[in-house]
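A.B. asks: Below, each chain spelled out in residue letters.
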Amino acid sequence: QKEVEQDPGPLSVPEGAIVSLNCTYSNSAFQYFMWYRQYSRKGPELLMYTYSSGNKEDGRFTAQVDKSSKYISLFIRDSQPSDSATYLCAMSPLIQTGANNLFFGTGTRLTVIP
Amino acid sequence: EAQVTQNPRYLITVTGKKLTVTCSQNMNHEYMSWYRQDPGLGLRQIYYSMNVEVTDKGDVPEGYKVSRKEKRNFPLILESPSPNQTSLYFCASRPFYSNQPQHFGDGTRLSIL
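Here the protein sequences line up with chains A and B, keeping their order.
To convert, note that position 47 of the first sequence is 79 in the working numbering; the numbers rise steadily by one, no gaps.
To convert, note that position 37 of the second sequence is 128 in the working numbering; the numbers rise steadily by one, no gaps.
Okay, chain B solo, but in the shape it has when bound (with noise of 0.2 Å):
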């Protein structure tokens, strides 16, 4: 089954206590993307990957890193997490050459004490 598969689902946490939140896909996308939704601000891009060690900002990636090391998995990190990044993330898939869709995962809730 195709699908974008992000770990943990839920997550209660410190300020400044790093975290990583992981996305992996099964579907040999090239491109990979993270998102934070928010009420009455919809879906926000945080990062995006073209490929394997190829990533770039999106419209919010202050206080995020990510990196590329594999095609499948794409890890979202907060190095010093704050309580303005309380939000649910999604990862999200497509081909690159592309103009398919992408496939989200289940989303993360994370929040930031």
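Here chain A stands alone, though its shape is the one from the complex (with noise of 0.2 Å):
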């Protein structure tokens, strides 16, 4: 079992609808959880970045976190064409001491139709 699970997708949506994004992982030691965006051609961008459970919100991106049920969540409001994206989610323990502590799902291909 993966560390982390990640539905590949591909998600095509219409323009202005309401995205969610998931990931499940299996490590109850994961404190620290983010969301890359990733462009064609480009690297990784950090989108949002939280802290244990509970919500975070930024403009028209909002991050949950379940730790009970070991499960995160990205929602896009008003999504736009520009958000069309590969997106990735990361989580890491407490305490990143080096090594191989941070864990990435293997990221959602969303296409946002104008």
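A portion of the hints provided could be inaccurate.
DSS-like, lysine-lysine: derived pairs with alpha carbons at most 30 Å apart [stated by the list, open to error]:
(1) A:Lys74 - B:Lys162
(2) A:Lys102 - B:Lys148
(3) B:Lys156 - B:Lys109
(4) A:Lys99 - A:Lys88
(5) B:Lys148 - B:Lys160
(6) A:Lys74 - B:Lys156
(7) B:Lys148 - A:Lys34
(8) B:Lys148 - A:Lys74
(9) B:Lys108 - B:Lys162
(10) B:Lys160 - A:Lys74
(11) A:Lys34 - A:Lys74
(12) A:Lys88 - A:Lys102
(13) B:Lys156 - A:Lys34
(14) A:Lys34 - A:Lys88
(15) B:Lys162 - B:Lys148
(16) A:Lys88 - A:Lys74
(17) A:Lys74 - B:Lys109
(18) A:Lys74 - B:Lys108
Quick partial rundown of chain A residues pointing at chain B, CB under 7 Å, derived from the structure [to be verified]:
(19) Lys74
(20) Gly75
(21) Pro76
(22) Leu79
(23) Tyr81
(24) Phe136
(25) Thr138
What follows is a list of derived Cβ distance ranges for each label pair [to be verified]:
(26) A:Lys74 - B:Leu132: 27 to 33 Å
(27) A:Glu47 - B:Pro152: 40 to 46 Å
(28) B:Leu204 - A:Lys74: 21 to 27 Å
(29) B:Arg100 - A:Ala49: 30 to 36 Å
(30) A:Pro46 - B:Lys148: 44 to 50 Å
(31) A:Gly86 - B:Asp129: 30 to 36 Å
(32) B:Asn119 - A:Ile145: 39 to 45 Å
(33) B:Gln94 - A:Ile145: 30 to 36 Å
(34) A:Leu43 - B:Gln191: 28 to 34 Å
(35) A:Lys99 - B:Lys156: 34 to 40 Å
None of these hints come from the bench; they were simulated from the model.
These figures come from a predicted structure and were not determined experimentally.
The beta-carbon is built from N, C-alpha and C at its ideal position, and this holds for glycine as well.
Reassemble the complex: the two chains are provided individually, in unrelated frames, and hints are given to aid placement.
C.D. replies: Spelled out as structure tokens, the structure:
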């Protein structure tokens, strides 16, 4: 079983739709949860970064963490064609002491249709 | 501007011909790492470095070498590339004693024929 599971999609939505992207994980030690956005021919860029459980909102983006269910979500409101990208979830334990302690999902490819 | 710079961005080469992909960061980060990204497998760590002259293997180190002689640079070396190393490679960095996320470069697409 992978540490982090993410539906690869692809996901196509009309402009203006609410998008829900999700990841599940198995390691209860994970405390930091991230969402990266990756455009074609570019590196992943950090979109949202949360610690432990709860919600975090940044403009049209909301990140949710449910540690009891080991489930994280990214919601995009009023989606735009410029949101078309691959979205990667990532997570790590409390203390990054080095090593391979950042675990990625495989990414969900999103297309927002004008 | 804070950035991680990789070169080259694209390379097509042949089996067995040694190559080096350079990575440089301007944020004075202690921690640097290399990943490869393959369809369906996501990002997998190849090597990482916690500081100058300190490197260690990640999940998929076979066939790769790294060095960290300066804090800003972390080159990835393929001594004898093989077709199964055809992939998209990313370098990343972050402060070591921090839970700040990693900053990624824009990637190097390698094709080994």
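A.B. asks: Evaluate each hint against the coordinates.
C.D. replies: Here is what the structure says about each hint:
| no. | hint | in the structure |
| --- | --- | --- |
| 1 | A:Lys74 - B:Lys162 | holds (24 Å) |
| 2 | A:Lys102 - B:Lys148 | holds (28 Å) |
| 3 | B:Lys156 - B:Lys109 | holds (11 Å) |
| 4 | A:Lys99 - A:Lys88 | holds (14 Å) |
| 5 | B:Lys148 - B:Lys160 | holds (17 Å) |
| 6 | A:Lys74 - B:Lys156 | holds (24 Å) |
| 7 | B:Lys148 - A:Lys34 | holds (19 Å) |
| 8 | B:Lys148 - A:Lys74 | holds (25 Å) |
| 9 | B:Lys108 - B:Lys162 | holds (27 Å) |
| 10 | B:Lys160 - A:Lys74 | holds (27 Å) |
| 11 | A:Lys34 - A:Lys74 | holds (25 Å) |
| 12 | A:Lys88 - A:Lys102 | holds (17 Å) |
| 13 | B:Lys156 - A:Lys34 | holds (26 Å) |
| 14 | A:Lys34 - A:Lys88 | holds (26 Å) |
| 15 | B:Lys162 - B:Lys148 | holds (18 Å) |
| 16 | A:Lys88 - A:Lys74 | holds (25 Å) |
| 17 | A:Lys74 - B:Lys109 | holds (25 Å) |
| 18 | A:Lys74 - B:Lys108 | holds (26 Å) |
| 19 | Lys74 | holds (5 Å) |
| 20 | Gly75 | holds (4 Å) |
| 21 | Pro76 | holds (5 Å) |
| 22 | Leu79 | violated (10 Å) |
| 23 | Tyr81 | holds (6 Å) |
| 24 | Phe136 | holds (4 Å) |
| 25 | Thr138 | holds (4 Å) |
| 26 | A:Lys74 - B:Leu132: 27 to 33 Å | violated (19 Å) |
| 27 | A:Glu47 - B:Pro152: 40 to 46 Å | holds (44 Å) |
| 28 | B:Leu204 - A:Lys74: 21 to 27 Å | holds (25 Å) |
| 29 | B:Arg100 - A:Ala49: 30 to 36 Å | holds (33 Å) |
| 30 | A:Pro46 - B:Lys148: 44 to 50 Å | holds (45 Å) |
| 31 | A:Gly86 - B:Asp129: 30 to 36 Å | holds (33 Å) |
| 32 | B:Asn119 - A:Ile145: 39 to 45 Å | holds (43 Å) |
| 33 | B:Gln94 - A:Ile145: 30 to 36 Å | holds (32 Å) |
| 34 | A:Leu43 - B:Gln191: 28 to 34 Å | holds (29 Å) |
| 35 | A:Lys99 - B:Lys156: 34 to 40 Å | holds (39 Å) |
Consistency note: the structure conflicts with the earlier hints numbered 22 and 26.
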